[in-house]
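Input sequences plus hints: build the corresponding full structure.
So for the sequence shown, my numbering puts the first residue at 5; every next one is plus one.
Check before you lean on any hint, since a few could be wrong.
To be verified - Quick list of simulated restraints, FRET-style, between CB atoms:
1) Gly165 - Glu437: 46 to 54 Å
2) Ala222 - Asn732: 53 to 61 Å
3) Ala553 - Val152: 51 to 59 Å
4) Trp600 - Pro420: 41 to 49 Å
5) Gln229 - Asp720: 37 to 45 Å
6) Arg417 - Ala172: 55 to 63 Å
7) His487 - Ala776: 30 to 38 Å
8) Pro421 - Glu630: 55 to 63 Å
9) Asp505 - Lys409: 29 to 37 Å
10) Asn203 - Ala424: 27 to 35 Å
11) Trp127 - Ala172: 16 to 24 Å
12) Ala553 - Ala410: 43 to 51 Å
These aren't lab readings, by the way, just hints derived from the structure by calculation.
Where a beta carbon is used, it is the ideal one built from N, C-alpha and C, also for glycine.
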Amino acid sequence: MMTPRATYRLQLHADFTFADAERIVPYLAALGISHVYASPITVAAKGSMHGYDVIDPTRINPELGGEAGLRSFVAAIRAEGLGLIIDIVPNHMGVAGDENRWWMDVLAKGEASEHAATFDIDWSQPVALPVLGAPLDEVIAAGDLRLVEHEGGFGLKLYDGAVYPVRAEDVTGTGALHDLVGRQHYRPIYWRSANDTLNWRRFFSINELAGVRVEDEAVFARTHQLYYDLFRDGLIDGVRVDHVDGLTDPAAYCRRLRAGFEAIAPDRPAYIVIEKILAADEHLATDWDVDGTSGYDFMREVSELIHDPAGQPPLTALWREISGRSGDFTQEAFEGRRDLLAWQFEGQLVACVDAFVLLARSAGKDWLTAGMLRRAMERLLWLFPVYRTYGTGKDAPAADAAIRKAVGKVATRIAPPGEAPVIAAILGWLAGEGGGSPDLAAEAVRRFQQLSAPIAAKGVEDTAFYRHGVLLSANDVGFEPAHIGRSVETFHAAMLSRGRDFPGAMLASATHDHKRGEDARARLAVLSAIPDLWADHALRWLAAIEPEAAGVDPADAYLLLQALVGAWEGPCDALLPRILDLQRKALREAKLRSSWEAPDEDYEERCGALATALLTGEGQSAFRAEFQAFIDAIAAATEANALAQTMIRYAVPGVPDLYQGCELADYSMVDPDNRRPVDYAERARLLTAGAPPKLRLIADLLALRAEQPLLFAQGDYRPVAATGERANHIVAFTRTYEGRTLLCAAAVRLGEVLFDREALPGDWWGETRIGARVARDVFGGGVTYVGWLDSTI
Numbered sequence: 005m006m007t008p009r010a011t012y013r014l015q016l017h018a019d020f021t022f023a024d025a026e027r028i029v030p031y032l033a034a035l036g037i038s039h040v041y042a043s044p045i046t047v048a049a050k051g052s053m054h055g056y057d058v059i060d061p062t063r064i065n066p067e068l069g070g071e072a073g074l075r076s077f078v079a080a081i082r083a084e085g086l087g088l089i090i091d092i093v094p095n096h097m098g099v100a101g102d103e104n105r106w107w108m109d110v111l112a113k114g115e116a117s118e119h120a121a122t123f124d125i126d127w128s129q130p131v132a133l134p135v136l137g138a139p140l141d142e143v144i145a146a147g148d149l150r151l152v153e154h155e156g157g158f159g160l161k162l163y164d165g166a167v168y169p170v171r172a173e174d175v176t177g178t179g180a181l182h183d184l185v186g187r188q189h190y191r192p193i194y195w196r197s198a199n200d201t202l203n204w205r206r207f208f209s210i211n212e213l214a215g216v217r218v219e220d221e222a223v224f225a226r227t228h229q230l231y232y233d234l235f236r237d238g239l240i241d242g243v244r245v246d247h248v249d250g251l252t253d254p255a256a257y258c259r260r261l262r263a264g265f266e267a268i269a270p271d272r273p274a275y276i277v278i279e280k281i282l283a284a285d286e287h288l289a290t291d292w293d294v295d296g297t298s299g300y301d302f303m304r305e306v307s308e309l310i311h312d313p314a315g316q317p318p319l320t321a322l323w324r325e326i327s328g329r330s331g332d333f334t335q336e337a338f339e340g341r342r343d344l345l346a347w348q349f350e351g352q353l354v355a356c357v358d359a360f361v362l363l364a365r366s367a368g369k370d371w372l373t374a375g376m377l378r379r380a381m382e383r384l385l386w387l388f389p390v391y392r393t394y395g396t397g398k399d400a401p402a403a404d405a406a407i408r409k410a411v412g413k414v415a416t417r418i419a420p421p422g423e424a425p426v427i428a429a430i431l432g433w434l435a436g437e438g439g440g441s442p443d444l445a446a447e448a449v450r451r452f453q454q455l456s457a458p459i460a461a462k463g464v465e466d467t468a469f470y471r472h473g474v475l476l477s478a479n480d481v482g483f484e485p486a487h488i489g490r491s492v493e494t495f496h497a498a499m500l501s502r503g504r505d506f507p508g509a510m511l512a513s514a515t516h517d518h519k520r521g522e523d524a525r526a527r528l529a530v531l532s533a534i535p536d537l538w539a540d541h542a543l544r545w546l547a548a549i550e551p552e553a554a555g556v557d558p559a560d561a562y563l564l565l566q567a568l569v570g571a572w573e574g575p576c577d578a579l580l581p582r583i584l585d586l587q588r589k590a591l592r593e594a595k596l597r598s599s600w601e602a603p604d605e606d607y608e609e610r611c612g613a614l615a616t617a618l619l620t621g622e623g624q625s626a627f628r629a630e631f632q633a634f635i636d637a638i639a640a641a642t643e644a645n646a647l648a649q650t651m652i653r654y655a656v657p658g659v660p661d662l663y664q665g666c667e668l669a670d671y672s673m674v675d676p677d678n679r680r681p682v683d684y685a686e687r688a689r690l691l692t693a694g695a696p697p698k699l700r701l702i703a704d705l706l707a708l709r710a711e712q713p714l715l716f717a718q719g720d721y722r723p724v725a726a727t728g729e730r731a732n733h734i735v736a737f738t739r740t741y742e743g744r745t746l747l748c749a750a751a752v753r754l755g756e757v758l759f760d761r762e763a764l765p766g767d768w769w770g771e772t773r774i775g776a777r778v779a780r781d782v783f784g785g786g787v788t789y790v791g792w793l794d795s796t797i
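Listed below in structure tokens is the structure:
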């Protein structure tokens with residue numbers, strides 16, 4: 005199998021099954037992709053809309069059509085010459101309710117269960133089960149937990165829902181229900197105490213997802229056999245690995261995964277990409293034996309290219325003026341990490357400290373007290389610049405050294421007096437150089453690295469991103485809001501690196517996890533090129549709205565205005581419920597004025613009332629007309645950004661991925677909005693009857709990739725310099741293979757010149773040149789902002 009030419013991501017669930025996917029295969033083939041890229045297909049919790057809450061990794065999900073449905077779907081795509089890549093979830097399993105039989109067996113039998121080794125549980129105490137809506141005694145007194153007959157034995161039924169196992173020997177002579185509960189291998193606890201008392205690793209801070217010990221060879225074999233069988237049978241061509249950084253040793257896992265596929269078909273390489281969130285200056289190790297990442301890094305890189313970095317200072321000043329908050333994202337990220345470590349990860353932090361205490365004693369460093377280690381660990385986690393490092397306790401990759409040095413330098417500045425050596429000791433162990441018991445070192449390092457990753461995800465992406473409002477299009481998964489835009493040279497350097505090290509990596513600009521659709525980001529990016537114009541409009545609207553009179557913080561009103569810029573489409577009454585959902589989620593994720601744990605529904609209602617008034621209130625018709633006029637004024641610049649990032653995705657080194665439905669303009673917001681049903685019939689019609697610019701561009705480039713697959717898969721990537729007065733508005737490069745050279749160019753950061761215009765002024769490019777060619781020769785006339793042509797440059 006060759007590396008995929010281009011993929012199309014599908015979100016499968018009970019309302020969009022294998023059969024539904026089979027019906028759109030002719031359209032996907034006509035569009036020009038080479039592989040369908042599907043969300044997880046193993047058995048997930050009933051009604052799951054995403055499939056990541058896997059409850060049985062050994063079977064195909066019956067809600068999707070089961071194995072028969074999968075085989076029929078694969079037969080249909082193979083008939084069109086297409087392949088299939090599936091998403092797999094090695095890090096965790098869904099344990100909500102009583103659906104997961106493996107988890108139920110663990111609860112019934114404890115360490116004696118054949119599945120006990122599957123989950124990352126501290127067996128020094130019963131499994132903490134955070135399923136109660138109140139303390140245990142209150143739940144029992146209310147009759148919400150009771151003993152029932154169940155499956156030939158007995159169980160504890162909770163809230164007329166899930167039934168948890170009870171050991172048969174404990175039922176005979178049963179006394180108080182509280183005592184019966186206390187004799188089980190698990191202990192039901194109030195869900196609010198989970199953050200502090202949970203004794204098993206979960207996925208991020210989600211109590212319904214339990215971490216899996218895939219580093220155990222038997223667990224790996226059991227949870228991966230199905231994927232190998234599917235590959236052996238020719239049903240799949242590869243996998244995308246979900247959240248690889250949650251694993252104990254991602255590098256070893258990836259190598260083992262590759263070896264398993266190679267043992268089945270040495271001459272048919274499996275395509276393997278990993279979901280890995282890379283910091284802006286972080287690089288994926290080249291010795292993991294994978295084809296690359298699933299594309300969040302490219303999404304950041306291409307987004308930075310269409311944002312104008314010159315807009316950051318004035319937009320930051322505007323945010324400070326409106327919100328009263330710091331415009332420094334570094335500070336916002338620091339506070340987000342600090343808050344989440346204290347609020348949601350106390351149990352994991354304590355376990356990590358305890359592991360280092362034991363390690364210190366084994367190394368003869370009894371002077372390192374638990375308090376010292378905790379303080380040092382907190383400071384490191386507050387400041388960690390990447391998701392994690394990759395030490396094993398015995399050694400560490402060379403690339404980790406720079407990370408340890410950087411975080412150690414900053415953490416030492418805020419360490420208590422005299423405790424800098426404690427930070428140095430922890431960093432030494434992360435490097436594999438701290439001494440002590442090898443087993444204890446491996447355990448302590450594992451716990452730290454499996455804690456730093458969720459702190460990054462929850463503290464930054466799911467907290468700081470919702471607090472920081474300089475420009476919302478810069479706040480997406482894997483993005484760096486401290487730098488909303490970067491130079492063309494920086495972009496070229498990233499593409500050259502990818503072409504050299506990971507030419508098969510995925511290139512994404514939209515995903516099932518994005519916070520804003522690719523066209524929403526393209527529109528918001530225009531604001532970076534017109535910061536003063538935007539400030540004039542935003543401040544005038546805020547003055548007219550008077551959010552404080554409505555009991556709404558001006559910062560939240562400003563975030564609403566930005567959200568509307570990104571999402572504005574269709575009738576306002578249809579947009580309103582989507583905006584209300586976003587608003588509620590954003591407020592709770594920010595954790596400043598509301599939260600999931602303790603929602604401030606009064607405040608949320610006031611924010612919702614403001615959004616409702618703006619979108620549908622009779623008194624705000626003037627606002628809506630003015631807002632629509634602003635959206636129209638930036639429409640051409642929005643399209644220019646959208647076409648630029650689209651063309652670049654299909655032309656640079658890598659495998660372009662198209663997220664479902666995004667072949668048309670995508671103004672979606674964070675999930676579940678970005679997982680709405682897609683009208684494939686409309687897309688198929690447009691493809692053959694006058695496609696809009698974005699769809700036509702995608703189809704044309706897919707056709708070009710099909711015509712010249714080796715040019716894009718193996719062709720050399722070379723930056724092409726632009727010269728002249730508009731040179732900083734051009735990104736250009738060539739792809740060359742066996743004597744053929746394709747010159748590609750995109751116009752970027754056109755917000756100012758295109759404001760309130762439908763096209764560039766005819767003489768705007770002047771004598772600007774792309775290599776040896778005048779810019780106009782590449783871009784053509786009208787509203788064409790991207791171009792590609794055979795070239796002898």
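**OP:** Sort out which numbered hints this structure fails and list those numbers smallest first.
**Re:** 4, 9
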